[in-house]
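The primary structure of each chain is shown beneath.
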Amino acid sequence: MNILGKSYVELLGLLNSKKISTKELHEYFSKREKKYNKELNVFLTLAENPGVEGEMPLAYKDNYNTEGIRTTASSKVLDSYISPYDATVVERLKKSKTYVFGKTNLDAWAHGASTETSDYGATKNPWDTSRVPGGSSGGSAAATASYLMPATIGSDTGGSIRCPASWCGVVGLKPTYGRVSRYGVIAMGSSFDCPGPLSWHVEDCALLLSHMAGFDPYDATTSSKPVPAYMEKLNAEKKLKIGIAESFFENVDKEVKKKIEEALEILRKMGHIEKKIKMLNPKHALSAYTILQRSEVSSNLGRYDGIRYGNDRSFFKEEAKKRIMLGTYTLSHGYYDQYYKKAQKVRALIIEDFKKAFDDVDIIIAPSTPSTAVKLGEFKKYPFFGEQMDILNEPANVSGIPSINIPVGLDSKRLPVGMQIMGRQFDEETILNVSYKFQRETNFFNMRETLLKKYHD
Amino acid sequence: MKDYVPVIGLEIHVELSTKSKMFCQCSADFFGKRPNSLVCPVCLGLPGALPVPNKKAVEWTVKIGKALNCKINPESKFDRKHYFYPDLPKGYQISQYDEPIAVGGFLEANKKKFRIHRVHLEEDTGKLTHEGKDSLVDFNRSGVPLVEIVTEPDFTNSEDVVAFLKELHTIIKEYLQVSDANMDQGSMRLEPNISIKKVDDKNLPNYKVEVKNINSFNFVKRAIEFELKRQLELLQKGETPIQETRGFNEKKGITVPQRTKEGAEDYRYFPEPDIPPLSFTQKYVEEVEIPELPAQKTKRYEKNYNLREHDAFILTRDGKMATYFEKVMEEIRDKAKGQKVANLIINKKIDSTASVKELTEKLKDQSEGRKTDLGSLESAIVAVLEGHPKEIKEYQSGKENIIMFFVGQVMREMKGQANPQVVKQELEKKLKK
Numbered sequence: 001m002n003i004l005g006k007s008y009v010e011l012l013g014l015l016n017s018k019k020i021s022t023k024e025l026h027e028y029f030s031k032r033e034k035k036y037n038k039e040l041n042v043f044l045t046l047a048e049n050p051g052v053e054g055e056m057p058l059a060y061k062d063n064y065n066t067e068g069i070r071t072t073a074s075s076k077v078l079d080s081y082i083s084p085y086d087a088t089v090v091e092r093l094k095k096s097k098t099y100v101f102g103k104t105n106l107d108a109w110a111h112g113a114s115t116e117t118s119d120y121g122a123t124k125n126p127w128d129t130s131r132v133p134g135g136s137s138g139g140s141a142a143a144t145a146s147y148l149m150p151a152t153i154g155s156d157t158g159g160s161i162r163c164p165a166s167w168c169g170v171v172g173l174k175p176t177y178g179r180v181s182r183y184g185v186i187a188m189g190s191s192f193d194c195p196g197p198l199s200w201h202v203e204d205c206a207l208l209l210s211h212m213a214g215f216d217p218y219d220a221t222t223s224s225k226p227v228p229a230y231m232e233k234l235n236a237e238k239k240l241k242i243g244i245a246e247s248f249f250e251n252v253d254k255e256v257k258k259k260i261e262e263a264l265e266i267l268r269k270m271g272h273i274e275k276k277i278k279m280l281n282p283k284h285a286l287s288a289y290t291i292l293q294r295s296e297v298s299s300n301l302g303r304y305d306g307i308r309y310g311n312d313r314s315f316f317k318e319e320a321k322k323r324i325m326l327g328t329y330t331l332s333h334g335y336y337d338q339y340y341k342k343a344q345k346v347r348a349l350i351i352e353d354f355k356k357a358f359d360d361v362d363i364i365i366a367p368s369t370p371s372t373a374v375k376l377g378e379f380k381k382y383p384f385f386g387e388q389m390d391i392l393n394e395p396a397n398v399s400g401i402p403s404i405n406i407p408v409g410l411d412s413k414r415l416p417v418g419m420q421i422m423g424r425q426f427d428e429e430t431i432l433n434v435s436y437k438f439q440r441e442t443n444f445f446n447m448r449e450t451l452l453k454k455y456h457d
Numbered sequence: 001m002k003d004y005v006p007v008i009g010l011e012i013h014v015e016l017s018t019k020s021k022m023f024c025q026c027s028a029d030f031f032g033k034r035p036n037s038l039v040c041p042v043c044l045g046l047p048g049a050l051p052v053p054n055k056k057a058v059e060w061t062v063k064i065g066k067a068l069n070c071k072i073n074p075e076s077k078f079d080r081k082h083y084f085y086p087d088l089p090k091g092y093q094i095s096q097y098d099e100p101i102a103v104g105g106f107l108e109a110n111k112k113k114f115r116i117h118r119v120h121l122e123e124d125t126g127k128l129t130h131e132g133k134d135s136l137v138d139f140n141r142s143g144v145p146l147v148e149i150v151t152e153p154d155f156t157n158s159e160d161v162v163a164f165l166k167e168l169h170t171i172i173k174e175y176l177q178v179s180d181a182n183m184d185q186g187s188m189r190l191e192p193n194i195s196i197k198k199v200d201d202k203n204l205p206n207y208k209v210e211v212k213n214i215n216s217f218n219f220v221k222r223a224i225e226f227e228l229k230r231q232l233e234l235l236q237k238g239e240t241p242i243q244e245t246r247g248f249n250e251k252k253g254i255t256v257p258q259r260t261k262e263g264a265e266d267y268r269y270f271p272e273p274d275i276p277p278l279s280f281t282q283k284y285v286e287e288v289e290i291p292e293l294p295a296q297k298t299k300r301y302e303k304n305y306n307l308r309e310h311d312a313f314i315l316t317r318d319g320k321m322a323t324y325f326e327k328v329m330e331e332i333r334d335k336a337k338g339q340k341v342a343n344l345i346i347n348k349k350i351d352s353t354a355s356v357k358e359l360t361e362k363l364k365d366q367s368e369g370r371k372t373d374l375g376s377l378e379s380a381i382v383a384v385l386e387g388h389p390k391e392i393k394e395y396q397s398g399k400e401n402i403i404m405f406f407v408g409q410v411m412r413e414m415k416g417q418a419n420p421q422v423v424k425q426e427l428e429k430k431l432k433k
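Residue numbers (my numbering), protein chains in the order written: chain A, 1 to 457; chain B, 1 to 433.
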């Protein structure tokens, strides 16, 4: 059977109707891993055991705790750390008939937007292996794009799902903060971290989200709001008012802008209405995000004090050390009011800004990243590389709203352009719906078929 | 000392006796358990683990706050307090910084009001033990709910401090029953802050000495007295004692320097992002019930049963004893006999597990003059006298005190069913014949 490029949902159907077996799937993806992982460096660890019959393989970003399987967050501080427990997301997906196939590469501690700060080497962009896949969920995005997995799980603190999804040309969903449990995901910026799925197919993200989402007694920040049947709502007829804010197109690459405009034209033709709106410049979200996230990072990494986990603090690399220092500074006595507290106030304003905007429109569309994938090593030229690449993603994290990246074509360098669709709090349903319709309308410009010619069986 | 006045404030840590720990479901009943047997990813601070607050612990903190006449903040939150120590697995302790659960209360002791600054909730740390070159850490205690009560620096002597602490101990252990408050096991830990100022100085002294983790009332008293003497000597020499943390050496009865505190340490507090803020509705706060507290009970006993203040105080120190007293009073339905009942319970140290009926019966006999059957008394006396000719002679030769020996013997013969006064009278009649 031809498996290449099939959606997670499709494969699950075949598995349920016994037209394919878990064993076959496992062998198929193991074969692909052997063939392409060397080139792309997406997997850090492969699980020793294939799943039991009836289970689908899934790969997790290596900041998800997986019982009995090494969990490193791509940092050598945790080089030999084997978690004694499963993250809630892993546990829930296991109950939904999946098994852990492997763990994917990320920027160490999820600090970065290129996956180059990984202590286990950079992941390469499948479209152009001289380029980065984006990050920090670069391993998950590249594994998805190259079809080393039909779908993967990542996490998005300040664009860490949408940025690599954008640069690898796949669908990546950052749900509402509190929609999916963070329990067992190694904390980065605790008030921003959002677990979410990546795939070539919108329906895969919808299905996986419906399995991952919901109240968790182990995470006090999860919402008890019922989880909608996302899959059933994908086809619902919706005529939406799309908000477009100029401030989200400032300093965006011309080609990226053009692709977004083409995508908007398609959406208009599908019957959606566009509306110009005024929103705070994303640079404010970037400032607030940077201070708050660094503060939380400096606190969250304190536990790796060299007493437990084997390796001591000398194993922290430059990026983590910079973040710990900045965060320690912003929380210090005498600077707290000036930085942390002020940033919290800005955060409140941004939340309010989105609330007001959504009184008027149903979704807000913007580029996911200001440019397409950059060359390996480029990040060293920027003092705040991650923040600058994620400037358009961070507003959604600061305000907690859901946002999805979908591919909208290739630029002249034949690199994917990503568009993000932001929705109201807990309205994943609408952004999945419009993404799914767009996918049906365009088949994402056959990008999948194009790339998989390169990553053939 | 007459030109100077001590300035003493207290910090008291109380471990709550909730079933589970503060932020996870591990048992909080850790004392004497095998090291690291009551742990999970949360209280070990493993990567990815998250805290979920224990509702009971929050309720009990509100309870303590109410009992100490505090205002319960309608909005409260947890904060992270950062410092490195091997018994602190996350690198921070989840505590409360600027929005504690309860603020601004008071507690009376020695007939004086002492103000409570704040009451907040936090988690306990693990425990280190040192064996030779090795340090061992046991995380069973890590994450046990810990309430911190901070007073204003209202105390001027060690007697008031001890009276206050005893009152607080009684309330928490006997009345609210939210902690064993067992000082030997460390479930109640006392830290006095001690300094001295000139009598006419309106400001607080510019230094303070904190004596850490003292585990008995007596040691607190001795530590304070030692410190006051030490500091006074320095002040009289024109020196200012240094701001520091000291420990109390129980054997020598002295305090010794532990570490110097130059100003406030920087704990880099910030709101705990893993726990949404708490909000308490007026209804919630009202519904947290506070029993009648020992001070009120003491007053009621004095008023209703006409007890001596001292006895009312003693009875109310022990929750079970007070309950027992009230049950007995209910049974005998005679408020006037309160003092008698109190005497009986206090002096005879009646075990409060003895049945209320038994005691009431005993009381009825005693207080109603124990109707004495004169017929059987007559024969009892005769029998006793016949058996003790030697003692009769002693009595008759002037050793009149020996009469009490006969009373005892007769009472024994009567199996207690006689009024000793009557017995004595009858015996005297017979012996003087």
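To be clear, the hints were calculated from the coordinates, so they are not data collected in a lab. No experiment lies behind these values; they were computed from the predicted model shown. Heads up, some of the hints might be wrong.
Computed cross-link-like contacts, DSS-like style, restricted to lysine-lysine with a CA-CA straight-line distance of at most 30 angstroms [unchecked claim]:
#, chain 1, residue 1, chain 2, residue 2
1, A, K342, B, K81
2, B, K77, A, K225
3, B, K77, A, K95
4, A, K76, B, K81
5, A, K345, B, K77
Checked hints:
A hinted pair counts as satisfied when its Cα atoms are at most 30 angstroms apart, and A:K342 with B:K81 qualifies at roughly 20 angstroms. With a C-alpha separation of about 23 angstroms, the suggested pairing of B:K77 with A:K225 holds against the 30 angstroms cut-off. This hinted pair does not check out: B:K77 and A:K95 have alpha carbons roughly 34 angstroms apart, beyond 30 angstroms. The suggested pairing of A:K76 with B:K81 holds, with an alpha-carbon distance near 27 angstroms, which does not exceed 30 angstroms.
Proposed proximity of A:K345 and B:K77 is supported: the alpha carbons are some 17 angstroms apart, at most 30 angstroms.
Comparing the model with each earlier hint shows a violation of hint 3 alone; every other hint is respected.
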